[in-house]
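Spelled out from the first residue to the last, the chains are:
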Amino acid sequence: KQEVTQIPAALSVPEGENLVLNCSFTDSAIYNLQWFRQDPGKGLTSLLLIQSSQREQTSGRLNASLDKSSGRSTLYIAASQPGDSATYLCAGFGNEKLTFGTGTRLTIIP
Amino acid sequence: KAGVTQTPRYLIKTRGQQVTLSCSPISGHRSVSWYQQTPGQGLQFLFEYFSETQRNKGNFPGRFSGRQFSNSRSEMNVSTLELGDSALYLCASSLAWRGTEQYFGPGTRLTVT
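Chains as they are written, first to last, in the working numbering: chain A, 3 to 112; chain B, 21 to 133.
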């Protein structure tokens, strides 16, 4: 059974800093991995999708990497802004379904 | 292109009642998945439909059911509601059913009293 863990559960950093969010999964046979953000009371916004044949994806200030052998993915956010404050979720697709991590609540301090 | 839409956005029901939630996927997307989100359990997979067929199902009781129509719109039904069914129900659409990028709707907030 796939289990996805995100550490830390919460993170506060000053505006302008670079930061890394971590995601660990137990089953390396994942098909792909997707990162989302969720604002309070809202749905999920897709940030990046990394296919199993890829090792990383970039979109603007965001960069996500995937290392299937170690069961880890990281989301790097450069030059953080207050608008980046949200909960970030990673999800691995395997066994014909998407399994979500518990999320990291990120607060950017102006 | 319009995003995933879900109706209604908010719903209050009484224990024992049933409820139907609706999801319209992004135009051209044929796969629809449903998830339940609660503070205690996080996001849990309910089921996925592709071309009107249920492709996969999560570990939920038979009170939770769904269907997909020929236009890819999907409905989810919960019968005999329990207090523990109070949650945010999220629908996601994707082009195909095997792990393509998922796009989520705003969710339906269900409160059972």
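No wet-lab data here; the hints were simulated from the structure.
Check each hint, because a few of them may be wrong.
Under the rule of at most 30 Å between Cα atoms (straight-line distance), these lysine-lysine pairs were calculated in the DSSO-like manner [claimed, not checked]:
id : chain 1 : residue 1 : chain 2 : residue 2
1  : A       : Lys3      : B       : Lys77
2  : B       : Lys33     : A       : Lys44
3  : B       : Lys33     : B       : Lys77
4  : A       : Lys3      : A       : Lys70
5  : A       : Lys44     : A       : Lys3
6  : A       : Lys44     : B       : Lys77
7  : B       : Lys77     : A       : Lys70
Just some of the chain B residues that point at chain A, by a computed CB distance under 10 Å [claimed, not checked]:
id : residue
8  : Val24
9  : Lys33
10 : Thr34
11 : Arg35
12 : Leu63
13 : Phe80
14 : Pro81
15 : Ser99
16 : Leu108
17 : Glu121
18 : Tyr123
19 : Phe124
20 : Gly125
21 : Gly127
Partial chain A-side listing against chain B, Cβ under 8 Å, derived [what the hints assert, rightly or not]:
id : residue
22 : Glu5
23 : Leu46
24 : Ser61
25 : Lys99
26 : Leu100
We put the CB at the ideal spot given by N, CA and C, even for glycine.
Here is how each hint holds up against the structure:
no., hint, in the structure
1, Lys3/A / Lys77/B, "14 Å, holds"
2, Lys33/B / Lys44/A, "21 Å, holds"
3, Lys33/B / Lys77/B, "25 Å, holds"
4, Lys3/A / Lys70/A, "16 Å, holds"
5, Lys44/A / Lys3/A, "28 Å, holds"
6, Lys44/A / Lys77/B, "24 Å, holds"
7, Lys77/B / Lys70/A, "25 Å, holds"
8, Val24, "8 Å, holds"
9, Lys33, "19 Å, violated"
10, Thr34, "23 Å, violated"
11, Arg35, "24 Å, violated"
12, Leu63, "4 Å, holds"
13, Phe80, "12 Å, violated"
14, Pro81, "17 Å, violated"
15, Ser99, "23 Å, violated"
16, Leu108, "8 Å, holds"
17, Glu121, "4 Å, holds"
18, Tyr123, "6 Å, holds"
19, Phe124, "4 Å, holds"
20, Gly125, "5 Å, holds"
21, Gly127, "5 Å, holds"
22, Glu5, "11 Å, violated"
23, Leu46, "4 Å, holds"
24, Ser61, "12 Å, violated"
25, Lys99, "5 Å, holds"
26, Leu100, "6 Å, holds"
Hints 9, 10, 11, 13, 14, 15, 22, 24, counting from the list given before, are not met by this structure.
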